[in-house]
Amino acid sequence: MSPASISFRRPSADRLLYRALAVSAGAVAAILALILVYLTAASASLLFADAGLWRLDWHPSLGAYGLLAMLVGSLTVSALALLFAVPPGLVLAIWGRFFAPPWLGGLYRGAMGLLASIPSVVYGFWGLVTLVPWLNRWAPPGASLLAAALVLALMILPILVLQADLALDEARRRHLPAAMALGASVSGTVRRVLLPTAAPELLPAVLLQLGRALGETMAVLMVAGNVVQLPATITSPIRTLTANIALEMAYASGAHQTALFASGWLLLVLVTLIMLGARAMAGRFGAGPAGEGRGDAR
Amino acid sequence: MRVEALDRAGRSDRLHGRWMGLLAMLTLLVPLLLIGELLVDGLPALGADFLLSAPTDAGLGGGIGSVLVSTLWVLAVCLGVVLPLGLGCALFLVEHVRAGSRLERALQLTLDVLGGVPSIVFGLFGNRFFAVELGLGFSILSGGLTLACMVLPLFIRAAEQSLRQCPTGYRQAAAALALSRWGFARRILLPTAAPGIALGVVLASGRALAETAVLLFTAGYVTRWPGSWFDSGRTLAVHIYDLAMNVSGGSTNAAATALVLLVLAIGIQALAVALGRISRGVSA
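Respectively, the protein sequence lines represent chains R and S.
With the working numbering, the residue at position 35 of the first sequence is 35, and numbering never jumps.
With the working numbering, the residue at position 262 of the second sequence is 262, and numbering never jumps.
These are computed hints drawn from the structure, not numbers from a lab.
Bear in mind that the values here come from a model prediction, so they are computed numbers and not experimental data.
Yeah, the Cβ is synthetic: ideal placement off N, Cα and C, and Gly gets one too.
Among the hints, erroneous ones may be present.
Unchecked claim - Chain S side only, calculated, beta carbon under 8 Å to chain R, not exhaustive:
#1 G17
#2 P31
#3 L34
#4 L85
#5 C89
#6 L91
#7 L107
#8 V121
#9 W182
#10 W225
#11 L262
#12 V263
#13 A274
To be verified - One-sided excerpt, in silico: chain R residues whose CB lies under 8 Å from chain S:
#14 P11
#15 V122
#16 S185
#17 A280
The shape of chain R in the complex, shown without the other chains (with noise of 0.2 Å):
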């Protein structure tokens, strides 16, 4: 029976609480519209006209606001930052669930929960104190695409054992007992069963990283080099879109502003496609919302 069909008795407080509680679920509402909204009017004079927002060149004093390089390179940052974290991820949140003692396996995420909740500008204030002069020794400047990969992935990583950590407990307590009793080795299970069991929750989780790192602006901007152009190698410096518009926002007027917030609409329906991804792929394979571990994980 579900909370909402018990009947209770109706006198006029509740018709007052009802009222109450659909006005507050409608302004949630409304908060996402507003968004949707603002950003669309503030960047349609630019997004629904051909304005070259296409293009590769950025020079705001010129006229010229081709947002492609920074989508580039937004994209290949978030992409190397899962291509440096998924794999460590599994085999961490595998290490701590099947061969760690139970104790130091716990102990083990507890320890990535407070690496989750360690601010982002604290992440990237260590790439730009640590991280980006140790990799200008060998290949200079150090900011650079490769340096706000790693710092990207620093920053997921967590989170990302935790989650993959849920995914292979529920796997794991519906496989693994069968699988011991056929004398299989806990690291052929774990390959063969758990993690193709377990894959259809992976994936999504997966992917709500990459629209994490997408978005994340901080621990990007203080590391990357913030240089506009097409990245020719991993140790040449990049902007992100998100960077872009944190460099820029504070001093921009007119069109260029218009830019700015194109290309947050740019990130607002990337994100949101993603998300969305994510969320069907869970929905279809029968798992809860793929929001719903993101709560747990922070």
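Add chain S to chain R, keeping to what the hints say.
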């Protein structure tokens, strides 16, 4: 033959366990380095004076007193909005929306999408809507309100989860006693769910405290002591960013500020873990 296979399996497991454990420890080394670096750089600058005085000379001198106060103000505005609005929305979801109905799916979708919006986009929206459209300017109020929009989904999820853990039996008993829904919510539902709701508040403040991008063009950069809601004020995270990126030689004070922020963030996380345990214990 079978025993041999088992033995081989055990040996391969031990091998796998070892290299994975090594990797796990190595991964843990990086954050330890991070914290060590902050301690070495920041601890000498940290003292009672640093925590209580306002920054001077763009942050190179003085402390972070006014920054701390601004941070608390922003957080207070944010929680002041999130708590009633979020609790209302969570109660609506649990009490008035039938599971699986179209309204429920629409609201869940809204929360998921809102929760996924990048923080810098919230910053743009807050700048346009609160600072420009509503005329609040760069102020603690517009910063806190924008932040509230951002952490709402997180809080609502946590509150919803703990409200749903209230046993159906309580509900049936309340209905049988002819309690009103309002009476039930106030006397039974909210007290049972209190630890979970507190967890939501803690998670939301942790997220709000860590945020920088939202506040850059809503709450602004001013380092003075804030006099009212309508003054601009920079938060700890913004202070770290500004010192590290825009002030040369600011990295010592940035490290000290980062240390303060880190202690706050980790304290909040520890509180969240404790509350999570209580909240689960109550429902079990």
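Checked hints:
For S/G17, the interface hint holds, since its Cβ comes within 8 Å of a Cβ in chain R; the closest pair sits about 4 Å apart. Because the smallest distance between the Cβ of S/P31 and any Cβ of chain R comes to about 5 Å, under 8 Å, the interface hint for this residue holds. Interface restraint check: S/L34 against chain R, minimum CB-CB distance 5 Å, threshold 8 Å, status holds. Using the Cβ-Cβ criterion of 8 Å, the hint placing S/L85 at the interface with chain R is satisfied: the shortest such distance is roughly 5 Å.
The beta carbon of S/C89 is positioned within 8 Å of a beta carbon in chain R (closest approach about 5 Å), and the interface hint is therefore held. Of the supplied interface hints, the one on S/L91 holds, with its beta-carbon coming within about 5 Å of a beta-carbon of chain R, less than 8 Å. Checking S/L107 against chain R: minimum C-beta separation of about 6 Å stays under 8 Å; hint holds. At its closest, the beta carbon of S/V121 sits 5 Å from a beta carbon of chain R; the interface hint therefore holds under the 8 Å criterion.
Interface hint status for S/W182: upheld, as the beta-carbon distance to the closest one in chain R is roughly 5 Å, under 8 Å. Interface hint at S/W225: violated, since its Cβ lies 23 Å from the closest Cβ of chain R, which is beyond the 8 Å cut-off. Hint status for S/L262 relative to chain R: holds, with the closest Cβ pair at about 6 Å, below 8 Å. Of the supplied interface hints, the one on S/V263 is violated, with its beta-carbon coming no nearer than about 11 Å to a beta-carbon of chain R, more than 8 Å.
For S/A274, the shortest C-beta to C-beta distance to chain R is roughly 12 Å, which exceeds 8 Å, and the interface hint is violated. Hint on R/P11 holds. Least Cβ distance to chain S is approximately 5 Å, under the 8 Å limit. Evaluation of the R/V122 hint against chain S yields a held restraint, the C-beta minimum of about 5 Å falling below 8 Å. Here the hint on R/S185 is kept, as its CB sits about 3 Å from the closest CB of chain S, short of 8 Å.
Taking 8 Å as the C-beta cut-off, the interface hint given for R/A280 is violated, the closest approach to chain S being about 11 Å.
Hint violations for this structure: numbers 10, 12, 13, 17, all remaining hints satisfied.
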